[in-house]
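Student: As a plain string of letters, each chain reads:
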Amino acid sequence: MIDENTVRHVARLARLRLEPEEEKVMQEELSGILEHIDAIRSMDLDGVPPTTHVLALENVLRADVPRASLPREEALREADDVVDDSFGVPRMD
Amino acid sequence: MSEFEPVIGVEIHVQLSTNTKMFCGCELSFGDPPNTHTCPVCLAHPGVLPVVNEEAVRRALMIGLALGCEIAPRSIFHRKNYFYPDLPKAYQVSQFDIPICGRGEFVAIREDGSELRVGITRAHLEEDAAKLTHLGGRRAGAEESVVDFNRGGTPLVEIVTEPDLRSASDAVTFLRQLRQTLLFLGVSDCSMEEGSMRADANVSIRPVGTHEFGTKTELKNMNSFRFLERGMDAEIARQEEILRDGGRVSQETVHYEPETGHITSLRSKEESHDYRYFPEPDLVPVAPDPAWVDQLRDDLPELPLSLRRRMVDDMGLSAEDALVLTESPELVAYFMEAAALADPKACANWIRGELRAQLREAGTEPWESKVTPAHVAALVDLLAIGTVSVPAAKEVLAGMIETGDEPAAVVEAKGLAQMDESDLAGVIAAIVEANPDQAQQLRDGKDKVMGFFVGQAMKQTGGRADPQAVQKLVRELVLGS
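Quick note, the sequences are listed as chains R and P, same order. Numbering of the first sequence is given in numbering that gives the first Met the number 0, commencing with residue 0 and proceeding in unit increments. Numbering of the second sequence is given in numbering that gives the first Met the number 0, commencing with residue 0 and proceeding in unit increments.
Everything labelled a hint here was simulated from the structure, so no lab data went into it. Remember, it's a predicted structure, so these values are computed and weren't measured experimentally. Do not rely on the hints blindly, as some may be mistaken.
Unchecked claim - Here are the simulated distance ranges between beta carbons:
no.: 1; chain 1: P; residue 1: G194; chain 2: R; residue 2: E57; range: 46 to 54 Å
no.: 2; chain 1: R; residue 1: E34; chain 2: P; residue 2: E161; range: 49 to 57 Å
no.: 3; chain 1: P; residue 1: L265; chain 2: R; residue 2: E73; range: 31 to 39 Å
no.: 4; chain 1: P; residue 1: R355; chain 2: R; residue 2: E57; range: 48 to 56 Å
no.: 5; chain 1: R; residue 1: E27; chain 2: P; residue 2: G245; range: 47 to 55 Å
no.: 6; chain 1: R; residue 1: A62; chain 2: P; residue 2: G185; range: 41 to 49 Å
no.: 7; chain 1: R; residue 1: E3; chain 2: P; residue 2: T209; range: 39 to 47 Å
no.: 8; chain 1: P; residue 1: D31; chain 2: R; residue 2: T51; range: 32 to 40 Å
no.: 9; chain 1: P; residue 1: P45; chain 2: R; residue 2: E57; range: 25 to 33 Å
no.: 10; chain 1: P; residue 1: P45; chain 2: R; residue 2: R7; range: 21 to 29 Å
no.: 11; chain 1: P; residue 1: H133; chain 2: R; residue 2: V24; range: 34 to 42 Å
no.: 12; chain 1: P; residue 1: S327; chain 2: R; residue 2: E73; range: 35 to 43 Å
no.: 13; chain 1: P; residue 1: G30; chain 2: R; residue 2: D2; range: 45 to 53 Å
no.: 14; chain 1: R; residue 1: D45; chain 2: P; residue 2: A236; range: 48 to 56 Å
What the hints assert, rightly or not - Okay, the calculated bits of chain P under chain R, using three or more residues with CB under 8 Å as the criterion:
no.: 15; stretch: 76-90
no.: 16; stretch: 239-253
Quick reminder that beta carbons are idealized off the backbone N, C-alpha and C, glycines included.
Please model the entire structure based on the sequences and the hints provided.
Tutor: What follows is the structure, encoded as structure tokens:
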């Protein structure tokens, strides 16, 4: 079972604001997921390489040839705020 | 001598000058209107899939091979997670535990000719963030920032060194020569000003003679080598002061302000180092065919280090000549072409000295000028056989720059051929006779006055006298020897 502080830490990293009761739910759900990992851990995995991809594919590469980009109006269409033909965001400095 | 020794490692980000971005077909641009090179992939719209740019992989491999890195038979991409408005996916696709290029070593040469060996920890592929600009109060009352996604997704190679550097000056020597090497590879524009090459330095200090590392700070993103060197020196001094006062250096990111020379702390994102890397499921591994890697290795151009060694060992140049002449691939090609036709040392002197000095006024480089390498070689030959004196040769060179004519033609047109000794003897005799005081000074052992005679002779012959011959004749006439 992971502790409440870990839940809060992960929530903060994910920019989530959790109510105390939500923290409890998350604690249980995350712990449940991690138990699956423990199940894998309990097996003898010597000599088994970590599986990062399930597809038997390598080297899917693209030629360095330009394709049309979006018209700017299209690119900016979903922006909350458009300033100077750019995406306006809260102050960052 | 300080009782502390700096320990420095650097991280260099290089934007690859490919045609398109790392994971989509948007064209790379610099200075285009904002948000004109974007697509659903680099804007991180839902459901899109990245595809790796083969040319970016090729260039990363070239960099790795040039740095003597081990090339990973199979490398994978990771997601580096953090929230920032310049990163639309809220993660940067990067590489983590299996970078495409592993350990290597770079050898730089210091100005005194000594070797500076720097271990390369890794070189990996990743994507650049977008450009974030703070608007300040430009819009009435508005305190906001704006994002231009043109740069977002530009292919980057990040090169990380071991903490092998022991001074700010060594670090900059390394960075300058690394930059040269990258320029010779043709993989990036490497412009510090425009941000296509960016360097961060990890700086710590420790008492001389100890081996444990002190706490390091990270000096961020300087846009010139000069400021980077000053910044590192300022940070080293700041850490020394802290330790001398019995304090402790805290691990943080710092910034150097060139205007004030001050170091400021950027310690704001306390949890930002928890990047929760995990394998990028949208990209399959890159496993470069060994035959491809061998081919790339064979095709690497001759790099500055090898060129410099060849210039010094085989061509008789000084370490400094070699350093200057390997500044750019164009200059090397220019010099090599001249050096194949005439004495390499003399060609080096004329190209790095007088030619560049005269061209600097016009703001051009030798290879852009009307003077061909073959003409430089011909001028060197004219000097060697005594057709022109050194001062006349400078004038000939000026004519060559102006007209693009070969030196013999300029000599002819300007009447700059050296006087033969019997004609010169008459001129010298007249000068000596007209200046008895100076002649007496020479007899009294004031050798400096020889400059006066040489100057007079040059003036009266329009630069056609050989200074060596003038000195010899004056000596014979005045001193009888």
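Student: Just pull the numbers of the violated hints for me, sorted ascending.
Tutor: Failing hints, ascending: 1, 2, 6, 16.
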